[in-house]
Structure formats: C-alpha cells, structure tokens
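Keeping their order, the protein sequence lines are chains A and B.
Numbered per the numbering used here, the first sequence spans residues 1 to 316.
Numbered per the numbering used here, the second sequence spans residues 317 to 576.
Hints are computed from structural coordinates only; laboratory data are not their basis.
Treat the hints with care, since some could be wrong.
Among chain A residues calculated to face chain B with C-beta under 10 Å, some are [as the list claims (entries may be wrong)]: (1) Phe25; (2) Glu30; (3) Pro52; (4) Lys57; (5) Arg60; (6) Thr64; (7) Pro65; (8) Glu75; (9) Ile79; (10) Ser217; (11) Pro219; (12) Ser267; (13) Ser268; (14) Phe270; (15) Ser271; (16) Asn272.
The beta-carbon is built from N, C-alpha and C at its ideal position, and this holds for glycine as well.
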Amino acid sequence: MNNNLNLNFLGIDLNNPLLTASGCFGYGLEYKDYFNPNELGAVVLKGITLEPRNGNKGIRIAETPSGMLNCVGLENPGINEFKKLLPSIKKEISIPLVANINGSVLDDYVQLAKKIELIKEIDIVELNISCPNVKDGGMAFGSNPKMARHVTHEVRKVLSKPLIVKLSPNVTNIVEISKIVEEEGADAIALINTLLGISIDIKSKKPLLGNVMGGLSGPAIKPIALRMIYQVSQQVSIPILGMGGISSTNDAIEFFMAGATCISLGSSLFSNPTLPLEIKQGLEKYLNDNGIDCISSLIGLAHPDNGVSYRERIKL
Amino acid sequence: MFLEDVIVLENINISNNYFLLKVLTKKLCTNAKAGQFFMIKSNDNSRILRRPISLHNIDGNILEFYYEALGSGTYEISNLRPNDVINIHGSLGNGFSTTPINKNIVVIGGGIGIAPMKYLIKSLLPNNNITFIAGASDSHSIKIVERFNFPNVHNIITTLDGSTGITGNVIDALNPILEKNNIDLIYTCGPFKMMEAVARLSHKHNILCEISLEERMACGIKACVGCSIITKNGMKKVCYDGPVFNSLDIIEENIGGTNE
C-alpha cells in the first residue's frame, strides 16, 4: 500500500485525513468489532464537560429526510471519569486522540482546558462552541462573534496543545466568526456542527424531541457544510477539519476540493460502521487512478485559483 | 464482524400492520440470543438510520422478525419480497437470561412486545416450566401466537375487547397465577405501562422480573448515546446495557414518557 494519504495536520503526522466527528464515535472503542480504529488518521472523542451530564430527557433521535436530528445534550461522565477511560483507550488506539471540550460559561471552558493541558494522552483539543443541545453556553458562544473571540482567547491562554475551534453553522456570517477565532489563536477550524431543527409528532401535536430542538446531521446538510468550508478556506490561513454528511468517497473528495485539510465522519457511521475503510480505499484508488501523489494536493482545488493561495497560506 | 447481506425468504402479513419477516443468514444465527435485536438497513438511502427490530425466532439458518409497520422505515421493510437482499447488523444488546434451570417461569408479551417471546420460550422450555401470557387490544394484534406451537407451555391469551381469550389485560391473567403458584421468574416485553404493572406485581411477590425496553437508537452499539435512560445504577444505554433490564433497576418516572 502506498502512503499518499499521509499528511501533517497541526504539526502532527497523520496516517490519513480521516477523523471521527465528536459524539458519533463514542470514546474510540465502540466500533472496534467492525474495524481497527488505528486505520483512521485521528480519533475525536465524545464531548466532555467538567461535571458529569445526564443529557436530555425524552426522545433524543429522529430520522429526517437524508438526515437525522439529535438532542442528546452532551451526556458524558465528566472530566474525572473521562481520565479514567484513557488508559484503556490508549491500549488499543495509538493514533492521535482529540478531546472535544464543552462548557456552559466561559470559566467551564477555561477550567476544562487547563485540565486537558495536563493529560498526556490527549494530542489535540477541539473547542466545541457550537453544541445546539445544551441550555446554557454551547452554541451561544459560537454564534456570537464577541463570545467566540472571548472564549477562544481565554482557552488559548491556558492551552499549548493544538487547538481546533468547532463552529456552528447557525450563523449569518461564518467567515467573520472563523476569522475571529483564527485571530485569537485557533490552529484549525472545524466546520460544521449540526443545524438547528425540529420535528413534530402529528399524533401528539407536539415537538417530537424531548428537548424540542435538535441538531440536524447527515447528507441533508452536506451542501451547507461544503459551502461554508469553501467560503471560509478562501479567507483564513489555517486548516479546516471538514464534516457534515460525508457518506462516500466522492463526498470526501468534494470536502477536500472545497478546502478541508482533514475530514470527520459522523452520523453516516451509524448505519455503515465500516465507512472509514471504504473511504480510505476509495481515496487511495482515486489518487492512484488520477496520478495524484498526495491527498493534500486536493485541498481547495475548487477555489477560483485552484486552491493555490490557500495551500500556500496553510503551508502545504 | 456482525454485518451481513441476508436474503429475504418470506415477509408474511400476519394481520393488519403486523408482519413476519424471514431471512436466510450465513452466520448471524450462530450467536444470537433471545431478547437481542438486529439493526435492519433500508435500501432507500434517504433513510439514513437502520431500524432496531427484535429477534423473534431462529430456525436453523433462518432469522425471523415479527414487527409492526408503524413508520416509514418499517413500512418499507413490510414491502420486502422474497429474494430481496437486505443488510442487517447484529445480534445486539444483552438479551434475556436464558440459563435458569428447573424454574417456574411466566413469560408476558403485550402487543408487538410478543415479538421476542417466541425465541425466549424456545430457549427456556427444555429446562423449565413455562406459562405464557400474551395480551393485546384485539384478536388481530395477537394472531401471531397461533404460530407458537410449543408443547408443554401453559398459554393464556387476553384481549381488551374480548375478541379472543380472556377479556382484560395481562395483569388480570397474572394476578391469579401469582396468588396460587410459586413463580420464580417473570419476563416481560410490551407497552411501558404494562411492564410497569407487571414489575410492580413481581416486586410485591418478590419475584425476579426482567423487562425489555424500547428506545429510538441510531447506532445500536452505544456510540450515539441516543437511547440512554436513567436507571438506579446511573445512565444506561438501552442498546448495549439492555434492552433487557432487571425491573428493580428502572426508575419509572424517567422512562414512561417515551414508551407509551
């Protein structure tokens, strides 16, 4: 097997640009009966908070046309229990681990970032300012430019590990917020989190989901994700971790061409647990068939200048 | 690996919206246990989630699923025809305890909750004394039981409208049994309110009761956390820690809402 999927992301050499979307891959070992997680480039773990959270009550999942809504609400065991899981995760996963951190108020993020900074098993931090399913914080940080600036600034101060900021698509101007988090020291941007939606149960005449609103994911949101990655990558000088409805090799190629350096697989894993292997093989075949040496030469190809300036800006 | 393309052998309309799907498998039948479930993939890619369907019976290399066509996903499954190929994922979940020996057992299925009970009875029958109570609203919803041809099982049917069997619900049938007999174990699956009533009665008589819960799930392997519920032992995933729970572990007020 040749190595044309290798790339450097945030100073770390990855076997390939395939990651997992936080919240869709548990804590890394849930899919190990279906494929070896080390086949991925890196694993993004389920979001954590300082304290344990039970998540939202009632129905948390609803299928929608070519997509799904979820309102899990960041159920997680909290940072202390999370730390206890890490040795067993590291026993089986040797590729980089990304911790996804969440908070209700600014200080939650800062305290959590301080704790994560000290955990040697964590290689990269994804700052989630875009969770639509929590009452306080979450998306509020990612949809308000001032708050996005503030939280990125404060987390950056206490964190030396590479920092990805995961942004919400539920905004008017995604480029503006992307530039702000770049200015405040983000090493990369993750685009996109889920889109806010609701589903109504016509029998009960009430919203179906326990938390009324949920985050829409799946192929339904792919064009929106591509559009935002396309816009943002032409305006920033840091790499983008692209995600949003990727369910095939062709989808993955579109994301690279729009400007993503790495991609995350999310809700498509639920019905197709071996999707990462399929896409990995598909990408290798695509590169070989087209005589392309390196996956990173696809980045931004759809830009008006074929991605030349963006690849230069992100030093590829 | 627990993913397989299986061939549809039959998809019988038992009554109204109730169907019995039989598929031929190469390997999925070998480890499957009563009370476990499979995730069935739609051939329509616009439906991105698999549907969790409980195992109804295993007959050699044939897996049987008894299901109700309730939404668009199960409606599509009801349109499968012989020789169609579908991808299924399983078996998943913990399943019922099938190791008891020499026990007096009552198995109670309500409505579509009758589904997992056929293979459960089959698994328990060689070593135990079994009473099976099947309850439903009317005779249509209970027609599947005609296909339960077990010798030595005491069968009781209840319907709310009295169109078949005893007029009433499963509790009306269970009460006198518990008064007169020494029952060691109760297994139940059905509407949550029914299971709640069965569990309360079991607790009153100090009988161990296993209940099988239902939740919406996306992955079936505890990755999406869509099916989490609060139990007396903390948050548990119905797909992985369940779907079968000891009735004492379930905090009633927190799961009633989604199962009615």
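Output the numbers, in ascending order, of every earlier hint that fails for this structure.
-> Hint 9 alone not satisfied by this model.
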